[in-house]
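In order, the protein sequence lines correspond to chains A and B.
Its first residue numbered 1, the first sequence is counted upward by one per residue in our numbering.
Its first residue numbered 1, the second sequence is counted upward by one per residue in our numbering.
Bear in mind the hints are in silico, worked out from the structure with no lab data behind them.
With beta-carbon atoms standing in for the labels, derived distance ranges:
| hint | chain 1 | residue 1 | chain 2 | residue 2 | range |
| --- | --- | --- | --- | --- | --- |
| 1 | A | 300 | B | 82 | 49 to 55 Å |
| 2 | A | 47 | B | 264 | 23 to 29 Å |
| 3 | A | 250 | B | 205 | 41 to 47 Å |
| 4 | B | 108 | A | 310 | 39 to 45 Å |
| 5 | A | 94 | B | 271 | 34 to 40 Å |
| 6 | B | 75 | A | 62 | 53 to 59 Å |
| 7 | A | 20 | B | 271 | 42 to 48 Å |
| 8 | A | 289 | B | 108 | 31 to 37 Å |
| 9 | B | 86 | A | 22 | 54 to 60 Å |
| 10 | B | 75 | A | 281 | 38 to 44 Å |
Computed far set for chain B versus chain A, every beta-carbon distance over 12 Å:
| hint | residue |
| --- | --- |
| 11 | 131 |
| 12 | 148 |
| 13 | 285 |
Partial selection, computed: residues in chain B whose CB lies under 7 Å from chain A:
| hint | residue |
| --- | --- |
| 14 | 50 |
| 15 | 188 |
| 16 | 243 |
| 17 | 258 |
Quantities reported herein were computed from a predicted structural model and do not represent experimental measurements.
Ideal Cβ placement from N, Cα and C applies to all residues, glycine included.
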Amino acid sequence: MSATAAPLLQAEGLSVAFQGAKGWMTAVEDISFALAQGETLALVGESGSGKSVTAMAVARLHAGAAGTRATGRLRWRGAGGDAADLLLLQGEALRRVRGREIAVVFQDPGSALDPLFTIGDQIAETLRHLRGLGRREAAGKAVALLGLVGIPDPARRAGEYPHQLSGGMRQRAVIALALAGEPRLLIADEPTTALDVTIQAQIVDLLRDLQEREGMAMIFVSHDLGLVAGLAHRICVLYAGQVVEEGPAAEVLATPRHPYTRALLDCIPSLEGEPPRGIPGLMPNPLAPPPHCRFADRCAMAVAACREAPVPLLDAAPGRRSRCIRWEEVA
Amino acid sequence: MSAPLVEGRDLVMEFGGPSLVAPRRRPVRAVAGVDISVRRGEALGLVGESGSGKSTIGRMLLRLARPTAGQVLFDGQEITGADRATLRPLRRRMQMVFQDPFGSLNPRMGIGQAVAEGISLHRLASGQAARDRAASLLERVGLSPGLYGRRPAALSGGQRQRVAIARALAVDPDFIVADEPVSALDVSVGAEILNLLRELRRERQLALLFVSHDLGAVRTLCDRVAVLYLGRVMEEGEAAEVLRAPRHPYTRALLSASPGRPGEARGPRIILRGEIPSPAAPPSGCVFRTRCPYALPACAETVPALRPLDPTRRAACIRDDILAMETAA
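Just chain A, with the same shape it has in the complex (with noise of 0.2 Å):
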C-alpha cells in the first residue's frame, strides 16, 4: 500500500440518481474518494446512507439500467497501467473490468450461487469464461480457490450443490467464485450481516488475509463500526447521501471529526457498559434534502449557522475531511 503510487481507483464527483414517480431521485452525491491497490476503504453508514449505491456504481452493476444515471468520474487504473473511467465504459471494455477485474461479494451468498449446479462446476464455468482456461485446468484450479478461501475438503466440497452448504460456507464459496477472474478490487456489501458472530469474525479473517495475500484492494460497505475497525485502511461515513467525513480508519475511530460519526461509534452498545445512545429524529428524505447540512436536524451541535447553506467537505487534516463547520469541536 503505498500513497504516492496513482490510485487504483479515484472517485470523482460521483453522484446516482434513480427515477422515480416525481422525478429523478439523487441517491448519492458528489461522492470522491481515492483507493490504492492492496487497500481496503469502508463505506459506512446507515439504511439509506447511499453506501451500497455507491459501491454498486463502482461496480457498474447500473449500467445500462433503464432509470438509472451515473455522473462524475471514476477514474481507474487498468493492468496495463492504462487509464480509464469506468463511468464511460461499455460493451466488450466493460465486461472485461466487471466481474473480472472488479469483483463483488453480497450480503446473501444464496443469491450468487446457482442451485442447480456443484460449487465447483460454477467456479469451473467462471474460470473458463474470465481465464480461457481448459476444462481440466479449470476445474482443479476450482478447487484450489476452494481451499484458499478456507473451505475444508475442497475436492469433495467442490461436487456439492449450494443447498449442502452451511451460510459461511457459502459465503466462502461466493468469495472463492469473486477471486476466479483474480480481481484486482473486491467490493463486498455486507458480507456477513447474515452470518453468526463467531463465523462473521472467521470471514473478516479471511477477507483481510486475502487482501493482504492477493494485494487485491478492497471496498467493505458495512453499518458497523466496529466491524470494520479491524479491517479498513480508510474509512468513508455516509449520511442522507453524502461523504460526511472521510480519512485513515484509526484516526477516524479514535477522533472523529463529524457529529454523526461521533453519534454512529456512541450507538453501538458496548461491551464495557457503556449505555449507547441513539440519534433521535429520521434521516431526511433523499427527495427532498434540507438545503443546509443534512445531519443539522438531528446534531446536537447544530447552531444557526448550519441552517445557512450546504456545507463543503472541509480539510479537518491531512487526508482527512468533514462536512460539519464546527469539526474542530467535535469531541
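Go by the hints and put chain B onto chain A.
Frame of chain A, contents of chain B only:
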C-alpha cells in the same frame, strides 16, 4: 433472594423424530436439558448463535411451545401441560416482542387500535378508556398521539418496534420475552429501542428474557446472562461480570468475535475453527469440544455439569485450569 417468577426446569425440546415415512429418523434436540429462571423485575439475557436453542427456550417459557420434557413454572404454578383455558388468565401477564414488528402487526389496523385491542381483549378497559390508555402508551414509547390512526406500513422499522412494545405493555404484564428486538434495525434506532426497554423494565418492575446474539445489547439491558451452545447452557452469571471476565472457552470466543465499539478491550482474539455442529448429530460429551481450543480426550466422554465457580457464576467445563484463568491464553 426472591422466588423466581418464571422457571424452566431441565427443559428439553425435540423436533422431528420417527414418522411413518421415516421410521428411523432421529429427533433433533434443539434444547437439551436447560435450567433457567427469571425473578420478578430481573432481566436475563439469553445469548448464543443460530441453532443454540435460545428462541425455543423463550417460546417454552411463554408456553407458546410445549416442552418435550421438563417443567415450566410461572409464579409458582406449574404450566408445563396447562391447556388453553388454564393459560388464558396467565397470558395477560406474559407477553412477547418479536424481531420483525411488521410480521406481528395487523397491516389493516391502525396502530392505536392494535394497542387498544389488547386492552379490551383482556377486559382491562373498553371503549374510550381503552383508547385513552392506548394513546398514553404510544406516547410513553415515544410515538406522538397524531400517529394513532396510522397503519404499520406508514411507519419506520423503529416506530413499528415501539408499537410492538406498547402493545406488549398494554396488558400490564409481569414478564416479557423480547426475541432479537433490535437486530433488524439500524444502529441509531436500535440504540434508542434498547434504551427504551431499559427505562421500561425499571419503571414497571418487568421481568425480561432478552434473546440476542449481541453481547453489547445484553450488557446494556440485562442483570444476568446465560450463554447457550447447541441447546445447553455453557456459562451463566451476572452480565457485567461474565463479559468482563468470561470463564468458559465458548463465552471467551463469542466475546472475542463480537465487534463491540472500536478499541474496546475484550481479551485476545480467538477465531473458532469450523461451525456449530448439527443438533441432529451433536458431539458426544461436551457439545462445544469440536471447536474448543482447549479440548482434551476426556471432553468426549461425559457431558460436563454446569458447576458453580463462585456464588454468582456457573460454567460447564471440566477444565478447572481454563476456568480459573482470568483471561484466555
